[in-house]
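**Student:** One point on numbering: in our numbering, the residue at position 39 of the sequence shown is 39, and numbering is uninterrupted.
None of these hints come from the bench; they were simulated from the model. Ideal Cβ positions, reconstructed from N, Cα and C, are used throughout, including at glycine. Possibly wrong hints are sitting among the right ones.
Here are the in silico distance ranges between beta carbons for each label pair [said to hold, decoys possible]: (1) E61 - S131: 15 to 25 Å; (2) A14 - G57: 37 to 47 Å; (3) Q103 - N12: 11 to 21 Å; (4) I110 - A63: 28 to 38 Å; (5) N12 - N107: 13 to 23 Å; (6) I110 - R64: 32 to 42 Å; (7) D42 - G178: 19 to 29 Å; (8) N107 - Q17: 12 to 22 Å; (9) A176 - L135: 36 to 46 Å.
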Amino acid sequence: MRKALYILGQLNDADIQWLAHNGTTRQLRDGEVVIQEGRPIDAIFVNLEGALSVTLGDGVEVARLGAGEFVGEISFVDSAPPSATVRGAGRASVLEVKRTAIQRKLNEDIGFSARFHRALAVFLADRLRASNRRLGYGKQGDLDSDVMLEGELDSTVLDTVAQAGERFRRLLGMLAAG
1 MRKALYILGQ
11 LNDADIQWLA
21 HNGTTRQLRD
31 GEVVIQEGRP
41 IDAIFVNLEG
51 ALSVTLGDGV
61 EVARLGAGEF
71 VGEISFVDSA
81 PPSATVRGAG
91 RASVLEVKRT
101 AIQRKLNEDI
111 GFSARFHRAL
121 AVFLADRLRA
131 SNRRLGYGKQ
141 GDLDSDVMLE
151 GELDSTVLDT
161 VAQAGERFRR
171 LLGMLAAG
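Generate the whole structure from the sequences, applying the supplied hints.
**Tutor:** So this is what it looks like as C-alpha cells:
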C-alpha cells in the first residue's frame, strides 16, 4: 500500500470523492490482465481488494501489489506503453479511472492538478531513490544519518500516512455505497 500512501496522502477528500464517482469498479478473475506490457493503456487503476501480479516479458513476477496500490501511473505521466504486465493474482477488484476523465479534471481544476501531479512526483522520486540505492548510488547510513534506508518512508509522506489510510477506507466505503 506504499504507493497509496504517497498518492492518497497528497489528494484531499473532494479528490477521493471525485475518483469514486468517476471510476468504474472491475472484478478480476485469477490471471485476468489489467495492463499488458507494450500496449498503450487508457486508464489508471487502484487495487481495491486482493492482489495484482506484475510480470516482465519473460513472465517472471517482479512484484505483488496489495490493496491500495495504483498501477498505470507511469504511462499516464509519459504516455509510453507500460513496461510490465499487471494481472489479478486470485480474485481482485480494481477501480478503473479513464485517462480522458482524469485529463478533463486536470484541465478544469487547477488545485486537483497540482495535488495529483505532486502525488505522482513524490511517488516517482521515492521509486528513483530506491532504484539508486539498489544500484549503489549512495551508501546506507546509520540511524543518525540523513540518508534514507531501504523501505523507509520520506518525512513528507509520514505526515500524511494516517490521512491516506483513512482516505482509502473512505474510497472503499463510497464505492460500496454505490
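**Student:** It remains to establish, for every hint, whether it holds in the given structure.
**Tutor:** Now the hints, each set against the structure:
Between E61 and S131, the C-beta spacing of about 18 Å keeps the proposed range 15 to 25 Å intact. The beta-carbon spacing between A14 and G57, approximately 40 Å, falls within the hinted interval of 37 to 47 Å. Between Q103 and N12, the C-beta spacing of about 19 Å keeps the proposed range 11 to 21 Å intact. Remark: the range hint 28 to 38 Å for I110 to A63 is upheld by a beta-carbon distance near 33 Å.
Under the hint 13 to 23 Å, the C-beta atoms of N12 and N107, about 18 Å apart, fit the expected range. Between I110 and R64 the beta carbons are some 36 Å apart, a value that agrees with the proposed interval 32 to 42 Å. Between D42 and G178 the beta carbons are some 24 Å apart, a value that agrees with the proposed interval 19 to 29 Å. N107 and Q17 have their C-beta atoms about 19 Å apart, which keeps the hinted 12 to 22 Å range intact.
A hinted range of 36 to 46 Å for the beta carbons of A176 and L135 is consistent with their spacing of about 42 Å.
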